[in-house]
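Enquirer: Each chain, written out:
Number of protein chains: 2
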Amino acid sequence: MTGVNAQWRLAARPVGLPKPTDWEYAEEPAPEPADGQFQVQLEYLSLDPAMRGWMNEGRSYVPPVGIGEVMRAGGLGRITNSRHRDYRAGDLVSGMFGIQRYALSDGRGVSRVDETLAPAPVHLGVLGMTGLTAYFGLLDIGRPEPGQTVVVSGAAGAVGNVAGQIARIKGCKVIGIAGGSEKCAWLTEDLGFDAAIDYKAGEVRAELRAHAPDGVDVYFDNVGGEILDEVLRRLARHARVVICGAISQYNAEQAPRGPANYMQLLVERSSMAGFLVFDYAHRYAEAIAQLADWLNDGELVSREDIVGAGIEQFPEVFLRLFRGDNIGKLILQLDGVQA
Amino acid sequence: MTGVNAQWRLAARPVGLPKPTDWEYAEEPAPEPADGQFQVQLEYLSLDPAMRGWMNEGRSYVPPVGIGEVMRAGGLGRITNSRHRDYRAGDLVSGMFGIQRYALSDGRGVSRVDETLAPAPVHLGVLGMTGLTAYFGLLDIGRPEPGQTVVVSGAAGAVGNVAGQIARIKGCKVIGIAGGSEKCAWLTEDLGFDAAIDYKAGEVRAELRAHAPDGVDVYFDNVGGEILDEVLRRLARHARVVICGAISQYNAEQAPRGPANYMQLLVERSSMAGFLVFDYAHRYAEAIAQLADWLNDGELVSREDIVGAGIEQFPEVFLRLFRGDNIGKLILQLDGVQA
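Protein sequences appear in the order of chains A and B.
The first sequence begins at 1 in this note's numbering and counts up one residue at a time.
The second sequence begins at 1 in this note's numbering and counts up one residue at a time.
Excised from the complex, chain A in its bound form (with noise of 0.2 angstroms):
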């Protein structure tokens, strides 16, 4: 039953985007569980910007991963072999399995995946953490209501698209910021946005008065850097600013940027405030039920960025989210996993 255990782990804390020395591959026999813990074998993993986070040294709102552990990241597979009286091998769960082919688990954080509701990669997706993260950012923190205007950055990345579709739901005016014309015809053809801004065009502030003339009453980004500087410029009175993340900074090799423009929010009486979706673990299933809803009624749009290959891939396809690749959730299918 058992096979090779191949994993990354982490070989040093990477200045600037992570080099293929940061990693360290290495094989090892896959794990027997012990008493009361499950082996699965991984068949998709997430790969989430929020990972280059984890990467660096110091004080967050998780550990940093260790050098020579293995890499963190959420991950979708199958149980091999079960000695857990709740688990089954067949079963379909979803949990931080790390970037490897096997894992164990006593089953904390885990989740079984309804493949009813949604095939399995949308379980990474939609209705996984990516989901839940826009779900709760935009709706508890965002609090938009109906005729707001709500912007988005990142917007054709994972979570901003989600973030978008919902704020469309709410019956708001959305604009999204992405980069290329191939990502804003997406967001603006098949998601429903009103607008999308693509800021490699470089007209971000031009474009942003155009398309929210009476300001912005909830911006939920994704990206820091020049444009949130150039969102704060627009803020709406007693806007919301969402801070999910921010791609822009996450591999600068100096100090990160601040936004320069922050004393809008005084101006405007406008909120900053960030959130992690784990402080609402609570509320998830009321979150995915509604998104599965919205789902098969075919309000919500679900997109994955699927890229099957060998785990030896990953360093590599990791870095298609700093590269703006991807469009929607950047997968790895992992080889010899039926689709």
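There is no bait here: all hints are sound.
Across the chosen pairs, the derived CB separations fall in these ranges: (1) B:GLY336 - A:GLY147: 55 to 61 angstroms; (2) B:ARG85 - A:ARG283: 56 to 62 angstroms; (3) A:GLU57 - B:MET96: 50 to 56 angstroms; (4) B:ARG209 - A:GLY3: 45 to 51 angstroms; (5) A:GLY3 - B:ARG205: 45 to 51 angstroms.
Chain B residues, not near chain A, derived (Cβ > 12 angstroms throughout): (6) GLU28; (7) ARG78; (8) HIS84; (9) GLY109; (10) GLU115; (11) PRO146; (12) LYS170; (13) LYS200; (14) ALA206.
Hints are computed from structural coordinates only; laboratory data are not their basis.
Beta carbons: idealized from backbone N, C-alpha and C, even for Gly.
Mind docking chain B on chain A? Use the hints.
Expert: Just chain B now, kept in the frame of chain A:
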């Protein structure tokens, strides 16, 4: 009855600290009230850091002072001539009368000063916009709870010292950040702050760690810049950052510095929000009654830094705010006023 109206007008938009050539001194006959107006002879001029912002071009919460216009400022004076049915000669009033000896008003935005509550200058300080700003910013935006740790920057300044005292009255642990040992001694010895950090001594990070071992629950920020970044590093979970001012940035000749550590808002699920005291006009009476009670009980100490001088000295006295020279509320008491 009419004298000479000496005025300071804005001559140019300053770059950095205002220079003498950014101002124009003018004298003209004191203006006579039309029907429905009254004439005020100013006795005390309120000098506030926010005035520096009003000198800049560009969108803000109030229009900029126009070139050639009398500099905007709060002040307190006695009505010398009234053709307004609700006001009589001899009434002491407070309002945005500008940097001049005489002003006309139709009563809008003017409030009567009740000298039985406190001496006249206190109505520009603790019982004026200064105290109201501290009151609403701390209590409504900061929402401190008893036992929580509150940090105030610019803590020996007009608003900061009141914010810190209110936090102490509310049962919080209060840490002030100020420049110089004299200010710090005043905070701890006279105002009952639990600790004071002299940022000029250069150990802000270590002292914050020592005095706020469990993190900062509320940060009332008057200064921005490096100190904002240092406090962000030490936020407690679910902290509230109150953006009241950013005096370290008001005279910056480059683009202002944004808070590079703003992602701590995410790590600690915290918020940063701005406010303007004017939005609380419907609650001024409640706040003034409370502040006056605390004053009379001796729980709240009022300190005005009153400079008695000719109005000709205004440009120089104003700069005291940015040189860190004042302790408490900076007020220019015009020559000839009976204190």
